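Knowing the structure of chain A, use the given hints to seat chain B on it.
Here the protein sequences come in this chain order: A and B.
Take the position in the first sequence, starting the count at 1, then add 17; the result is the number in my numbering.
Take the position in the second sequence, starting the count at 1, then add 17; the result is the number in my numbering.
Honestly, the hints are just simulated from the structure, not real lab data.
Treat each hint with caution, since some may be false.
Stated by the list, open to error - In the SDA-like style, the derived pairs of lysine to any residue whose C-alpha atoms are separated by at most 25 Å in a straight line are:
| no. | chain 1 | residue 1 | chain 2 | residue 2 |
| --- | --- | --- | --- | --- |
| 1 | B | K135 | A | A176 |
| 2 | A | K135 | B | L128 |
| 3 | B | K135 | A | H98 |
| 4 | A | K135 | A | Q214 |
| 5 | B | K135 | A | P103 |
| 6 | B | K135 | A | E175 |
| 7 | B | K135 | A | L128 |
| 8 | B | K135 | A | L106 |
| 9 | B | K135 | B | E72 |
| 10 | B | K135 | A | S172 |
| 11 | B | K135 | A | Q173 |
| 12 | A | K135 | B | L171 |
| 13 | B | K135 | A | S170 |
| 14 | A | K135 | B | L106 |
| 15 | A | K135 | B | A176 |
| 16 | B | K135 | A | R102 |
| 17 | A | K135 | B | S119 |
| 18 | B | K135 | B | H146 |
| 19 | B | K135 | A | T100 |
| 20 | A | K135 | A | N207 |
| 21 | A | K135 | B | P180 |
| 22 | A | K135 | B | E175 |
| 23 | B | K135 | A | E181 |
| 24 | A | K135 | B | G177 |
| 25 | A | K135 | B | H98 |
| 26 | B | K135 | A | V110 |
| 27 | A | K135 | B | T100 |
| 28 | A | K135 | B | Q173 |
| 29 | A | K135 | B | R111 |
| 30 | A | K135 | A | H146 |
| 31 | B | K135 | A | R118 |
| 32 | B | K135 | A | L171 |
| 33 | A | K135 | B | Y167 |
| 34 | B | K135 | A | S119 |
| 35 | A | K135 | B | E181 |
| 36 | A | K135 | B | V110 |
| 37 | B | K135 | A | Y167 |
| 38 | A | K135 | B | S172 |
| 39 | A | K135 | B | F178 |
| 40 | B | K135 | A | P99 |
These numbers come from a predicted model, not from an experiment.
Protein chains: 2
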Amino acid sequence: MGNREQEGMMTVLECRPLGYVSSCYRERFGIPRQPGLVTEARAILTLLPAYSGAELVRGLDGFSHVWLIFRFHATETQGWHPTVRPPRLGGQVRVGVFASRSMFRPNPLGLSVVRLDKVESGGGMTRLHLSGADLLDGTPVLDIKPYLPYADSLSQAEAGFAPEAPSRITVVFSVRAEDQCAREHDQGINLRLLVEQVLGQDPRPSWRRSDTDERVYGMRLCRHDVRFRYRNDRIEVLELVPVG
Amino acid sequence: MGNREQEGMMTVLECRPLGYVSSCYRERFGIPRQPGLVTEARAILTLLPAYSGAELVRGLDGFSHVWLIFRFHATETQGWHPTVRPPRLGGQVRVGVFASRSMFRPNPLGLSVVRLDKVESGGGMTRLHLSGADLLDGTPVLDIKPYLPYADSLSQAEAGFAPEAPSRITVVFSVRAEDQCAREHDQGINLRLLVEQVLGQDPRPSWRRSDTDERVYGMRLCRHDVRFRYRNDRIEVLELVPVG
Numbered sequence: 018m019g020n021r022e023q024e025g026m027m028t029v030l031e032c033r034p035l036g037y038v039s040s041c042y043r044e045r046f047g048i049p050r051q052p053g054l055v056t057e058a059r060a061i062l063t064l065l066p067a068y069s070g071a072e073l074v075r076g077l078d079g080f081s082h083v084w085l086i087f088r089f090h091a092t093e094t095q096g097w098h099p100t101v102r103p104p105r106l107g108g109q110v111r112v113g114v115f116a117s118r119s120m121f122r123p124n125p126l127g128l129s130v131v132r133l134d135k136v137e138s139g140g141g142m143t144r145l146h147l148s149g150a151d152l153l154d155g156t157p158v159l160d161i162k163p164y165l166p167y168a169d170s171l172s173q174a175e176a177g178f179a180p181e182a183p184s185r186i187t188v189v190f191s192v193r194a195e196d197q198c199a200r201e202h203d204q205g206i207n208l209r210l211l212v213e214q215v216l217g218q219d220p221r222p223s224w225r226r227s228d229t230d231e232r233v234y235g236m237r238l239c240r241h242d243v244r245f246r247y248r249n250d251r252i253e254v255l256e257l258v259p260v261g
Numbered sequence: 018m019g020n021r022e023q024e025g026m027m028t029v030l031e032c033r034p035l036g037y038v039s040s041c042y043r044e045r046f047g048i049p050r051q052p053g054l055v056t057e058a059r060a061i062l063t064l065l066p067a068y069s070g071a072e073l074v075r076g077l078d079g080f081s082h083v084w085l086i087f088r089f090h091a092t093e094t095q096g097w098h099p100t101v102r103p104p105r106l107g108g109q110v111r112v113g114v115f116a117s118r119s120m121f122r123p124n125p126l127g128l129s130v131v132r133l134d135k136v137e138s139g140g141g142m143t144r145l146h147l148s149g150a151d152l153l154d155g156t157p158v159l160d161i162k163p164y165l166p167y168a169d170s171l172s173q174a175e176a177g178f179a180p181e182a183p184s185r186i187t188v189v190f191s192v193r194a195e196d197q198c199a200r201e202h203d204q205g206i207n208l209r210l211l212v213e214q215v216l217g218q219d220p221r222p223s224w225r226r227s228d229t230d231e232r233v234y235g236m237r238l239c240r241h242d243v244r245f246r247y248r249n250d251r252i253e254v255l256e257l258v259p260v261g
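For reference, chain A alone in the conformation it holds in the complex (with noise of 0.2 Å):
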């Protein structure tokens, strides 16, 4: 490995982004996790001209999920960590980073599994239809990969602190946020059930999470600003504030 080593630690790679991601979530506050929690989180991913001949994606829509590499955009230029909290461990413990999916990372790389709903390729231009996606709108990728159920899914395999999806909280809406969502339909996005699996995830950072936090929290979500406050175990939306 001799030589070869040595070149590689001198040298870097330089990869360029194939295209970006639009999504509903504006802001990192309140995003899943992990994907596919939000089922009915929509997103488009627009390849660049360079990427976007139908013979690239030939043979994709036969795919239904498909993994992204992208980058962590909005946070790289905060570094990176050696060790993080994980909001799952109530935000006390640290564990490495490798051990996380943290953003923080030596290279500022992000891996998603997104539900393929759509391909739609011609006149020049590529458009993903993506659904389950945790990806901040404007997110640039960098690789897209077919999943591979025989090579990738392993159910049985261990996951240390991290065993299962995280617990849901009950969310319940005041009757003008159900008005507002019956009112809106945004895009053909079902507003109502985004509201209910985004909030449904407490996004709450885990050292606010106390019986007695009355904050009224705000959440830019689509081209809302959704409110919301904890009370009695349950998560209550009080309004959708549309925003520019």
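Frame of chain A, contents of chain B only:
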């Protein structure tokens, strides 16, 4: 997305190796096409000093499997192709590069889940002992992430032209090859099982796979040149020639 996209299009992400893999695969020929198919393939990922603090892998030993994002270093100078001919389609049919796991990709990033047998860390050195890897010796690794079954395991995913693991071919050993395997207990590796698993993938190029193929092939595996041929629907291992 306006400004962010503009910036993203201008900038490249510089990824640095975190460490290097040493494995029994000393050349591309014969490497299984996905990880996990050859469980006996052991590898060691040695992290570089900057990433070798014991705290970076704290808690990692609770996970049975990890994702590696790595660099297809041996082939990256060959660039990428819009379409590829997957071996499982007989090497005749072209599919888009994004519908394949081909190494000839716009960003030469590989993705493999491997079994984590042991985490060895201390004295400023960290080594991950892996099995089921499909990585060429010397592969630079760009990221390590824990495998999370609740997010990553999708046994029901549909996978187009690659719905299941490739079929295996029967492997038989000559008396000479049996003897050689019995004599070698190559650094704790079960060489016979490794050879059987690797050749069971039928590493011959798809365009050579005819019933009249009489060629004798050689494959570098650990410290051996494994000589084999195809006959009567089986792979015959002729001998294992030790090499430097």
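Outcome of the hint check:
no.: 1; hint: K135(B) <-> A176(A); result: holds (14 Å)
no.: 2; hint: K135(A) <-> L128(B); result: holds (23 Å)
no.: 3; hint: K135(B) <-> H98(A); result: holds (23 Å)
no.: 4; hint: K135(A) <-> Q214(A); result: holds (22 Å)
no.: 5; hint: K135(B) <-> P103(A); result: holds (22 Å)
no.: 6; hint: K135(B) <-> E175(A); result: holds (14 Å)
no.: 7; hint: K135(B) <-> L128(A); result: holds (23 Å)
no.: 8; hint: K135(B) <-> L106(A); result: holds (23 Å)
no.: 9; hint: K135(B) <-> E72(B); result: holds (15 Å)
no.: 10; hint: K135(B) <-> S172(A); result: holds (20 Å)
no.: 11; hint: K135(B) <-> Q173(A); result: holds (18 Å)
no.: 12; hint: K135(A) <-> L171(B); result: holds (18 Å)
no.: 13; hint: K135(B) <-> S170(A); result: holds (21 Å)
no.: 14; hint: K135(A) <-> L106(B); result: holds (23 Å)
no.: 15; hint: K135(A) <-> A176(B); result: holds (14 Å)
no.: 16; hint: K135(B) <-> R102(A); result: holds (23 Å)
no.: 17; hint: K135(A) <-> S119(B); result: holds (22 Å)
no.: 18; hint: K135(B) <-> H146(B); result: holds (5 Å)
no.: 19; hint: K135(B) <-> T100(A); result: holds (20 Å)
no.: 20; hint: K135(A) <-> N207(A); result: holds (18 Å)
no.: 21; hint: K135(A) <-> P180(B); result: holds (19 Å)
no.: 22; hint: K135(A) <-> E175(B); result: holds (14 Å)
no.: 23; hint: K135(B) <-> E181(A); result: holds (22 Å)
no.: 24; hint: K135(A) <-> G177(B); result: holds (14 Å)
no.: 25; hint: K135(A) <-> H98(B); result: holds (23 Å)
no.: 26; hint: K135(B) <-> V110(A); result: holds (22 Å)
no.: 27; hint: K135(A) <-> T100(B); result: holds (20 Å)
no.: 28; hint: K135(A) <-> Q173(B); result: holds (18 Å)
no.: 29; hint: K135(A) <-> R111(B); result: holds (20 Å)
no.: 30; hint: K135(A) <-> H146(A); result: holds (5 Å)
no.: 31; hint: K135(B) <-> R118(A); result: holds (20 Å)
no.: 32; hint: K135(B) <-> L171(A); result: holds (18 Å)
no.: 33; hint: K135(A) <-> Y167(B); result: holds (24 Å)
no.: 34; hint: K135(B) <-> S119(A); result: holds (22 Å)
no.: 35; hint: K135(A) <-> E181(B); result: holds (22 Å)
no.: 36; hint: K135(A) <-> V110(B); result: holds (22 Å)
no.: 37; hint: K135(B) <-> Y167(A); result: holds (24 Å)
no.: 38; hint: K135(A) <-> S172(B); result: holds (20 Å)
no.: 39; hint: K135(A) <-> F178(B); result: holds (17 Å)
no.: 40; hint: K135(B) <-> P99(A); result: holds (20 Å)
Violated hints for the displayed structure: none, as all numbered hints are satisfied.
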